[in-house]
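Protein chains in written order, with our numbering: chain A, 1 to 255; chain B, 1 to 255; chain C, 1 to 255; chain D, 1 to 255.
Any copy will do: because identical chains look the same in the list, a pair fits if it lies in one copy or spans two.
Computed cross-link-like contacts, EDC-like style, restricted to lysine to aspartate or glutamate with a CA-CA straight-line distance of at most 20 Å:
| # | residue 1 | residue 2 |
| --- | --- | --- |
| 1 | LYS50 | GLU223 |
| 2 | LYS104 | GLU24 |
| 3 | LYS16 | GLU251 |
| 4 | LYS252 | GLU223 |
| 5 | LYS42 | GLU118 |
| 6 | LYS206 | ASP3 |
By construction, these hints were calculated from the structure, which means they are not laboratory data.
4 protein chains.
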Amino acid sequence: MRDVQSERDERNVPLKKVGVKNIEWPLKVLDKTRGYQYTVAKISLSVDLKHDVRGTHMSRFVEVLNNLEMLNPSALEEILTSIKGKLQAERSHLEMRFPYFLWKVSPVSGLSSPLKIEAVIEAEKGVESTIIMGVKVPVHTLCPCSKEISENGAHNQRAMVEIYVRSKKMIWFEYLSEIAERSASCPIYTLLKRPDEKFVTEMAYKNAKFVEDVTRDVALELEKDDSIEWYKVQVTSFESIHNHDAFACVEKGWM
Amino acid sequence: MRDVQSERDERNVPLKKVGVKNIEWPLKVLDKTRGYQYTVAKISLSVDLKHDVRGTHMSRFVEVLNNLEMLNPSALEEILTSIKGKLQAERSHLEMRFPYFLWKVSPVSGLSSPLKIEAVIEAEKGVESTIIMGVKVPVHTLCPCSKEISENGAHNQRAMVEIYVRSKKMIWFEYLSEIAERSASCPIYTLLKRPDEKFVTEMAYKNAKFVEDVTRDVALELEKDDSIEWYKVQVTSFESIHNHDAFACVEKGWM
Amino acid sequence: MRDVQSERDERNVPLKKVGVKNIEWPLKVLDKTRGYQYTVAKISLSVDLKHDVRGTHMSRFVEVLNNLEMLNPSALEEILTSIKGKLQAERSHLEMRFPYFLWKVSPVSGLSSPLKIEAVIEAEKGVESTIIMGVKVPVHTLCPCSKEISENGAHNQRAMVEIYVRSKKMIWFEYLSEIAERSASCPIYTLLKRPDEKFVTEMAYKNAKFVEDVTRDVALELEKDDSIEWYKVQVTSFESIHNHDAFACVEKGWM
Amino acid sequence: MRDVQSERDERNVPLKKVGVKNIEWPLKVLDKTRGYQYTVAKISLSVDLKHDVRGTHMSRFVEVLNNLEMLNPSALEEILTSIKGKLQAERSHLEMRFPYFLWKVSPVSGLSSPLKIEAVIEAEKGVESTIIMGVKVPVHTLCPCSKEISENGAHNQRAMVEIYVRSKKMIWFEYLSEIAERSASCPIYTLLKRPDEKFVTEMAYKNAKFVEDVTRDVALELEKDDSIEWYKVQVTSFESIHNHDAFACVEKGWM
Numbered sequence: 001m002r003d004v005q006s007e008r009d010e011r012n013v014p015l016k017k018v019g020v021k022n023i024e025w026p027l028k029v030l031d032k033t034r035g036y037q038y039t040v041a042k043i044s045l046s047v048d049l050k051h052d053v054r055g056t057h058m059s060r061f062v063e064v065l066n067n068l069e070m071l072n073p074s075a076l077e078e079i080l081t082s083i084k085g086k087l088q089a090e091r092s093h094l095e096m097r098f099p100y101f102l103w104k105v106s107p108v109s110g111l112s113s114p115l116k117i118e119a120v121i122e123a124e125k126g127v128e129s130t131i132i133m134g135v136k137v138p139v140h141t142l143c144p145c146s147k148e149i150s151e152n153g154a155h156n157q158r159a160m161v162e163i164y165v166r167s168k169k170m171i172w173f174e175y176l177s178e179i180a181e182r183s184a185s186c187p188i189y190t191l192l193k194r195p196d197e198k199f200v201t202e203m204a205y206k207n208a209k210f211v212e213d214v215t216r217d218v219a220l221e222l223e224k225d226d227s228i229e230w231y232k233v234q235v236t237s238f239e240s241i242h243n244h245d246a247f248a249c250v251e252k253g254w255m
Numbered sequence: 001m002r003d004v005q006s007e008r009d010e011r012n013v014p015l016k017k018v019g020v021k022n023i024e025w026p027l028k029v030l031d032k033t034r035g036y037q038y039t040v041a042k043i044s045l046s047v048d049l050k051h052d053v054r055g056t057h058m059s060r061f062v063e064v065l066n067n068l069e070m071l072n073p074s075a076l077e078e079i080l081t082s083i084k085g086k087l088q089a090e091r092s093h094l095e096m097r098f099p100y101f102l103w104k105v106s107p108v109s110g111l112s113s114p115l116k117i118e119a120v121i122e123a124e125k126g127v128e129s130t131i132i133m134g135v136k137v138p139v140h141t142l143c144p145c146s147k148e149i150s151e152n153g154a155h156n157q158r159a160m161v162e163i164y165v166r167s168k169k170m171i172w173f174e175y176l177s178e179i180a181e182r183s184a185s186c187p188i189y190t191l192l193k194r195p196d197e198k199f200v201t202e203m204a205y206k207n208a209k210f211v212e213d214v215t216r217d218v219a220l221e222l223e224k225d226d227s228i229e230w231y232k233v234q235v236t237s238f239e240s241i242h243n244h245d246a247f248a249c250v251e252k253g254w255m
Numbered sequence: 001m002r003d004v005q006s007e008r009d010e011r012n013v014p015l016k017k018v019g020v021k022n023i024e025w026p027l028k029v030l031d032k033t034r035g036y037q038y039t040v041a042k043i044s045l046s047v048d049l050k051h052d053v054r055g056t057h058m059s060r061f062v063e064v065l066n067n068l069e070m071l072n073p074s075a076l077e078e079i080l081t082s083i084k085g086k087l088q089a090e091r092s093h094l095e096m097r098f099p100y101f102l103w104k105v106s107p108v109s110g111l112s113s114p115l116k117i118e119a120v121i122e123a124e125k126g127v128e129s130t131i132i133m134g135v136k137v138p139v140h141t142l143c144p145c146s147k148e149i150s151e152n153g154a155h156n157q158r159a160m161v162e163i164y165v166r167s168k169k170m171i172w173f174e175y176l177s178e179i180a181e182r183s184a185s186c187p188i189y190t191l192l193k194r195p196d197e198k199f200v201t202e203m204a205y206k207n208a209k210f211v212e213d214v215t216r217d218v219a220l221e222l223e224k225d226d227s228i229e230w231y232k233v234q235v236t237s238f239e240s241i242h243n244h245d246a247f248a249c250v251e252k253g254w255m
Numbered sequence: 001m002r003d004v005q006s007e008r009d010e011r012n013v014p015l016k017k018v019g020v021k022n023i024e025w026p027l028k029v030l031d032k033t034r035g036y037q038y039t040v041a042k043i044s045l046s047v048d049l050k051h052d053v054r055g056t057h058m059s060r061f062v063e064v065l066n067n068l069e070m071l072n073p074s075a076l077e078e079i080l081t082s083i084k085g086k087l088q089a090e091r092s093h094l095e096m097r098f099p100y101f102l103w104k105v106s107p108v109s110g111l112s113s114p115l116k117i118e119a120v121i122e123a124e125k126g127v128e129s130t131i132i133m134g135v136k137v138p139v140h141t142l143c144p145c146s147k148e149i150s151e152n153g154a155h156n157q158r159a160m161v162e163i164y165v166r167s168k169k170m171i172w173f174e175y176l177s178e179i180a181e182r183s184a185s186c187p188i189y190t191l192l193k194r195p196d197e198k199f200v201t202e203m204a205y206k207n208a209k210f211v212e213d214v215t216r217d218v219a220l221e222l223e224k225d226d227s228i229e230w231y232k233v234q235v236t237s238f239e240s241i242h243n244h245d246a247f248a249c250v251e252k253g254w255m
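The shape of chain A in the complex, shown without the other chains:
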């Protein structure tokens, strides 16, 4: 059978990322406190394509995934290397997003329940490999302006903290999530009994924060960690008095 993909391409345009995306795949992932957890990922795998080759063999990306047993740093490295080899490419790329669960304990009654965050991995390998780890963590923000000017109460809402980092050493999703939660007005929980609800309501009221405040506090925590070479932070607050969102961003390099 003719191999159309391998034919010579005369247009001489090298391509940057060529591959498959939106593959959904069952995954076993390294977990800091429980050893591992199971999830379902959306995955993109690709390579840079030389100027004189017509196409990539897309099925080989899936064959590489078929060999994945547990997602951890060495497995990531192996996927990237394997793709480079199988597709004779100079650079391979990977992007993954999956729900990841933190087992959180409610602040007063001490009850445990899973909180879903989104985990993100973006990695590539040319001569060396680069791995960016990220989390999207739901938190609670309470508006300092609304609190200051109102006789009672203050508007508050669910917000999302996104942190992406490149680091010299392995970074846990749990580590980034804790920074996100500490920087917000209050963490959020899946299971709260009445004494817990009192606690989080009062904690948030004491701890009013704009998206700008949360973003800065996350940045300052990341600056203190010498192993982090690069980071990007975005905080989005689903404003409860509006039908739109407020947001703020910062990236390493402002110092």
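Given chain A, put chains B, C and D in place with the hints provided.
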């Protein structure tokens, strides 16, 4: 050219809705206060298909839309009739969803800005025609339990009120939206200056409501309107202390 | 602490479904060929609320989920019973959606890979309990009209077959998925080598089907199964020559 | 009333983009063939925030939008300038996405119907201003490998061509869309009668293209246009024999 769709089907299975969906279409819509407004709709059009015909001529649905100039009750009626005729069907169906804007005035500073709601129309025509009008209106809810048990503040959040009605007379999206807003802890706005923010914060705090409260208050308002033959209400609150939502429903007929 | 939810409500409006939704939860699910598989579900749990009670205790739904170990028919029954009891309700409701993987073997090269379908469960318990099982299975459709009128080729595309059933006995997701795949122009696969690609291309071309054809063929298969008391089928084809979709529906009762 | 946002911030962290997002707004947009068209946009507006100021005044972004009458290059420039001024910022940013309609004529029967594309604008203004214009255009691709190895037919599918450019002169969405359509196996249409369907089926079969081919052909067309200073292209094909997508990218600078 052979007309494969018109061929006789020997399987003898009549089908219920056969047609096109997720068509996006620019639309001019009747507006209570401004005469009309422009929007972009997602549309589904279909017919019931007889047991002995193989397929529907899908292009004819699009031809019917091509004739639409302004969406109002008579245009709806015409689309349904036209589809029935063109496709020789005993029943035609239509479903539309589109962003619709309410020009709202902020409570203290009196500034005007557009608030986007979602408008929904579900209509069908057999011998008679039936039209269901609906809105999804964003509002603000403040938790009565959190307020009661906490020393300061109370968790609050954006919530969505969905109202669907079948009525003897034409129903305005504005009319349903006002019921939704009156039944919530507070309406929400696109543009609020500081005195407005103080006002809505304090109004919501005075007016604490569970999703159950909002749902019941909407139902009681709809019961008072004799022209409304049927309704369904769902209120969803994007709980700010959780990563999940609370909801409550009611449908005409509980009395 | 005052229990605001339990207070007497004077509005006298009974509510139909009151509870939590969009909870994401890690799940172990019964699997026909492998015993079980792990996934992540979106879950809604609710009860009917009496006319004279103000609110539901939302945290109790989460406590029920905390006890779930493996999702199978008896666990479903237990969740519904447990919710009814804990919330002193006359009727409890559950809705779940989760990615579910079929390990499929490519038709010529015999290579195995996971194909993601969406599994749906809708269940409720009053005096008796009712369970609806559903699947959304991606397949391939090739247009009979385009094939008939064109000199070469025929437009084809990804399509989605949705099947929902209520049955006297336990129904496997695998069983419904096979009916969906047999009724399409061709099944689809995550991993196909070149001889497989030749096979599926030619199979689809021989087996041209409108959405109407797929819908009818699924219905006829379901009619043959005496244990199935009710079903609903919807087939949606992501038309490759348009930017909109074609669809067809059928529900038990047309005979 | 105290102005909390304007207070001095001692953390000394300058922020990169601070503002509002997911505002939905009715819009009148410049149209190449019809003068203008109406649509509904999702908008993000933001500024860079100095290290010593606590927060941004979010309502001012909405006030700027309130003055927008028709979206064209000078209105974009005015929004960016106005935001910079009102918020005393050194840099302002804007991002917009909206459905935009092309009135296309079917290839044989000559019937006109609207095809929805997505229009994207990303602009910022520091000392100078930069504007990136983009389109996401649905097209049809037919697989050269499947055609070559199969006796009859070839798998084909809807695909999406994304083109983003920065140019010395004003770029029309229509211009970019035509490049996308010319580079695919075939354009797609909302309304096609049978002779049109024959035409597009046969055209696509003659014109088999991988995502790699489409990407390269778009890039070569953009390279020929001297006014284009930078571009980025991504083509995604919703593979009809898989449940995942194939994609390829290229960015100016490979020459």
